[in-house]
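Colleague: Sequence:
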Amino acid sequence: MASKRQPRFDFDTPVDRQGTGSLKWDLYQGRDIIPMWVADMDFTSPPAVIAALKKRVRHGVFGYSLPPKELPEVVAHMLEREHDWRIDPKWLVWMPGLVTGLNASCRAVGETGDSVMTATPVYPPFLQAPGLSGRSLITVPHIDDHSRYVFDFAGMEEAMTGRTRLFLLCNPQNPTGRVFGREELLRLARICLSRGAIICSDEIHCGLILEPDAPHLSIAALDEEIACRSITLLSPSKTFNIPGLGFSLAVIPDSSLRERFRQVMEGIVPHMNIFGYTAALATYRDSAAWHRALIDYLRTNKKLVETFVAQTPCLSMRHVEATYLAWIDCRQLGTQDPAAFFERHGVGLSNGKDFGAPGFVRLNFGCQRSTLIRALERMESAVAGHRG
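Reading the sequence shown from the start, the letters are residues 6 to 393 in our numbering.
Bear in mind the hints are in silico, worked out from the structure with no lab data behind them.
Any given hint could turn out to be false.
[As the list claims (entries may be wrong)] Below, a list of computed lysine-lysine pairs in the DSSO-like style, where the Cα atoms sit at most 27 Å apart:
# : residue 1 : residue 2
1 : 95        : 74
2 : 308       : 29
3 : 60        : 74
4 : 308       : 358
[Stated by the list, open to error] Restraint ranges, calculated between C-beta atoms of paired labels, are given here:
# : residue 1 : residue 2 : range
5 : 304       : 336       : 26 to 32 Å
6 : 199       : 375       : 24 to 30 Å
7 : 293       : 321       : 19 to 25 Å
8 : 294       : 73        : 20 to 26 Å
Here the structure is a predicted model, which is why all the values come from computation and not from measurement.
The beta-carbon is built from N, C-alpha and C at its ideal position, and this holds for glycine as well.
Take the sequences, apply the hints, and build the full model.
Modeller: In structure tokens form, the structure reads like this:
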């Protein structure tokens, strides 16, 4: 019997995004700079998503919308299948963006004047949301143990106060690419629960695991007590490249916390749009083969970046376990602003200062391999010229 042929998806053909209103590309409009900064990919979204959106457009009526009836069960099935986490669909709260969830969590937990803790470097909205919510921010840097970034548990315990009500966790971690293990998450949870703090876990990159030996674990899935003190934020936007459609969700098992979360969004956060719902259903239900092919492609891109950094003087990085982001240490380069340095040489990277770590840059390798190679060649030339 002939085996079924796996569908082939084209991640190599460049897609011209210039002049399309792309935040990523239009930042450098008219300049010879390859954009590798903001975390969206340069690949077209899965065929199932494009087909579902076309079908919805043909309907022609775009009024106020409800989630597709099957979406809650599809999400629950996805979490059980891929992350071994059984949830009740009643725990789900729909939102138009994950940053919304970070800010709603800060407002829903504690009171004005309380503190929120996180570990740096981290996605910039983690550093901004507490202040926007009338909370103070406590940061504890990750420890680089020379192989990966780990939590500074002693530093966390020392920095927590009697008014630390919330811990913002990023797992998989943006920008370091860590996937935290069971013992790490359990220890973090014990610290937070012993101090009465809720854990808000941003898991938007959980579909982008590149290291087979580092499976994603949702902290809320570890046990019921942790689940009842947690808010888990998810979205298909990074994995399936649909951030512009504005869809994300929160999983909140505790009914009181869930109600408070909904209350702080009321009248401020807009309702979900119909295209976000449509695309989300198509990603979770119909795009598994595309997802597998994407992961294979990103793994090869990751190897290219890691090899380049290992061979380039003055640059270093730790192994990327997840995401399509490389966190590169440029402190030995001898320039105060490495992001500006590489931009002058034709590569646009994210500035580590925005993540709480000056001297670093974040490189997005979610792009066509030819684009990545051109960018790495420019960076190699820049470093060689600088050292010369």
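Colleague: For each hint, tell me whether it holds in the structure or not.
Modeller: Going through the hints against the structure:
no., hint, verdict
1, 95 with 74, "holds, 13 Å"
2, 308 with 29, "holds, 23 Å"
3, 60 with 74, "holds, 17 Å"
4, 308 with 358, "holds, 25 Å"
5, 304 with 336: 26 to 32 Å, "holds, 28 Å"
6, 199 with 375: 24 to 30 Å, "violated, 51 Å"
7, 293 with 321: 19 to 25 Å, "violated, 36 Å"
8, 294 with 73: 20 to 26 Å, "holds, 21 Å"
Figure legend: structure checked against the earlier numbered hints; hints not met, in rising order: 6 and 7.
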